[in-house]
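Novice: Now for the letters of each chain:
There are 2 protein chains.
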Amino acid sequence: MFRTRSDFEDFLGAMPQPDMRSREEAMLHQQQLTKPPGSLGRLEEIAVFLAGWQKPAIRADHIQVVLFAGNHGVTKQGVSPYPAEVTAQMVANFEHGGAAINALANAFGLQLFVHPLELERPTGDISVEDAMTEDETLAALNAGADAVDANADIVAIGEMGIGNTTIAATLCAASLGGTGLDWAGAGTGLDSAGVVHKAKVIDRALARVGSLTAFDCLQRLGGRELAAMVGAVCAARAIRIPVLLDGFVACAAMAPVFARQPAILDHCLAGHRSAERGHARLLERFDLKPLLDLEMRLGEGSGAALATAIARAAVATHTRMATFASAGVSDRDA
Amino acid sequence: MFRTRSDFEDFLGAMPQPDMRSREEAMLHQQQLTKPPGSLGRLEEIAVFLAGWQKPAIRADHIQVVLFAGNHGVTKQGVSPYPAEVTAQMVANFEHGGAAINALANAFGLQLFVHPLELERPTGDISVEDAMTEDETLAALNAGADAVDANADIVAIGEMGIGNTTIAATLCAASLGGTGLDWAGAGTGLDSAGVVHKAKVIDRALARVGSLTAFDCLQRLGGRELAAMVGAVCAARAIRIPVLLDGFVACAAMAPVFARQPAILDHCLAGHRSAERGHARLLERFDLKPLLDLEMRLGEGSGAALATAIARAAVATHTRMATFASAGVSDRDA
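As you go down the protein sequences, you meet chains A and B in turn. My numbering puts the first residue of the first sequence at 1, with every later residue one more than the last. My numbering puts the first residue of the second sequence at 1001, with every later residue one more than the last.
Next up, chain A with everything else stripped away, as it sits in the complex (with noise of 0.2 Å):
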């Protein structure tokens, strides 16, 4: 998709938009339905917002789950309680099928995808060298984009990558201002003064760079899996195909792409807020309601794909309920 960096410029300069007129569709055909007008709530947005990217009728059968893995040089630094094999052990555990998200995919018939992307070689330490190459770049994002299935209804993006909140939060500070502790969190289970150290690894990898343009900031900053994700939510755009975006991994990836063009939001999903401390901030920046909000903070698409069924009720009811004419039921104030 992104032969050039050119490209990926290019790309977000002339996004597909949403269809208007099937919104307002959509609107209309809600307010007929058997039930208060705009008592199912959210649920009726998530449907008007669905009609503005999905022809000719919303669905939400066919749900496909990408879970991009990376590893990352910044775990040099002792970021994480855990050791950077513990991504390899996760992919193997994800084609086992013995890992959270296996258990909701399956639970919910959702389709996972898993791309480890180069495990053996860690991008480098943020805090001291850039992350990728140029080359490197281009091609996790390529790899996001081919990962995504153009027969999908939804798609629901996520990652696993020991190291990779401190990842997150460096690319929060860089594109949307504030410093490594206005950004960092626990994790996977830091104590305070863990996170300490760890705003303080960010904030060195802050003070390598200055103003960075949004691929500039994913090569110098990011990661493999963080990139791939930003390929599969503009694939997803190129095709019209909405997005669930799961917790602050992967909602900090798009803030360098938010930070040059905010419009790239407009087919995402907040699947839930994480408990990770970062993203309550970050929702707000990026002005996205998270659908639930369950003191998740595992990743691997997990809480994008718990939402996946708040997306099927609002599809369901949408097309499914009958309206006042058609079940005889008396409208307000008759």
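Each hint should be verified, as a subset may be incorrect.
Which chain B residues face chain A? A few, computed with CB under 7 Å, are given here [unchecked claim]:
hint, residue
1, Met1001
2, Thr1004
3, Val1091
4, Asn1093
5, Gly1098
6, Ala1103
7, Ala1107
8, Gly1189
9, Leu1190
10, Leu1294
11, Arg1297
12, Leu1298
13, Arg1312
14, Met1321
15, Ala1325
16, Ala1327
Hints are computed from structural coordinates only; laboratory data are not their basis. Each residue gets a CB set at the ideal place from its N, CA and C atoms; glycine is no exception.
Please build the complex by placing chain B on the supplied structure of chain A, with the hints as guidance.
Specialist: Below, chain B alone, put in the same frame as chain A:
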């Protein structure tokens, strides 16, 4: 289940309690699953909650939605923008599969049972007379108790009844204190003048009665579908089936019982926080954290039905994930 009002009182004094040992075992099991401890947030809490009630293993395959409908004499006071005939019309809509709860039950594979309760005989207008006789109250409680399927893994509780947010607000004020205005909301769509009028109707009902026992409160100020929900919650408790409560009306039905015996809610989860004004306040009094907050305010069990997805996710992750040992994943600080 309840031949006399004493049977009801006696039940509240001697209810089954959660199995604390099963809860502890579930907590230990959660620690061994391939995820950072606590990272599934409320899914872990729900798994432990279910373990306190379900034997030998937690499960959420067979979920029953019981939906009770009733009519209310208080609609004569102009407390709803919809005519009372809509209750029967919506019951027909449920039976023909055209309502929101049908779409949700179908999408999520839930068994829906609709129980209209003497719709041709509205309860007394509570602003001037008692809602029911003692026998009518017992009949409604027993209709609810009889509706619970002993083979259900989880029972979701809902209601439909034009005028019943007035009944609900009255039960809250009578049981937990406060005035009509503290608990009244827009219901199906009153404007602010309508809410003020509704609050005055509630205050007349409150002034008519003094301090009441739980049973008397349901009899004098309640409604058939609200008493039926209480009966269903009690019957589920008797056979250790966890309950998903729906929104304001379903929760308000429990307020008189909660005021007498707060432990009645120990086997209940709050499916969602309704946009109906009194619900947030009521959930705080109950000390129940809702699973969802999607600005819904429809009733019909719709919020509880949607929350079954969260319960299923909790069961799926608890029962189907690998452990660190079985998956060969390194635990933290390894």
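Novice: Now tell me if each hint is right for this structure.
Specialist: Hint check results:
The beta carbon of Met1001(B) is not positioned within 7 Å of any beta carbon in chain A (closest approach about 33 Å), and the interface hint is therefore violated. Checking Thr1004(B) against chain A by beta carbon gives a least distance of about 39 Å; that is not within 7 Å, so the hint is violated. Checking Val1091(B) against chain A by beta carbon gives a least distance of about 10 Å; that is not within 7 Å, so the hint is violated. This hint holds: Asn1093(B) has a C-beta 5 Å from the nearest C-beta of chain A, less than the 7 Å allowed.
Contact between Gly1098(B) and chain A, as hinted, is supported at the beta carbon level, the nearest pair being about 3 Å apart and thus within 7 Å. Proximity of Ala1103(B) to chain A holds as hinted, the smallest CB-CB distance being about 4 Å (cut-off 7 Å). Annotation: Ala1107(B) was flagged as interfacial toward chain A, and the flag holds, the nearest CB pair being 4 Å apart, inside 7 Å. Because the beta carbon of Gly1189(B) sits about 5 Å from the nearest beta carbon in chain A, less than 7 Å, this interface hint is met.
Because the closest C-beta pair between Leu1190(B) and chain A is about 10 Å apart, greater than 7 Å, the hint is violated. Nearest Cβ of chain A to the Cβ of Leu1294(B): about 4 Å, under the 7 Å cut. The hint holds. Evaluation of the Arg1297(B) hint against chain A yields a held restraint, the C-beta minimum of about 5 Å falling below 7 Å. Given hint, Leu1298(B) at the interface with chain A, holds; its Cβ is 4 Å from that chain's nearest Cβ, closer than 7 Å.
For Arg1312(B), the shortest C-beta to C-beta distance to chain A is roughly 5 Å, which falls under 7 Å, so the interface hint holds. Taken as an interface hint, Met1321(B) checks out: its beta carbon lies about 5 Å from the nearest beta carbon of chain A, inside 7 Å. Using the Cβ-Cβ criterion of 7 Å, the hint placing Ala1325(B) at the interface with chain A is not satisfied: the shortest such distance is roughly 11 Å. With a cut of 7 Å, the hint placing Ala1327(B) at the interface with chain A holds, because the nearest CB-to-CB distance is about 5 Å.
Comparing the model with each earlier hint shows violations of hints 1, 2, 3, 9, 15; every other hint is respected.
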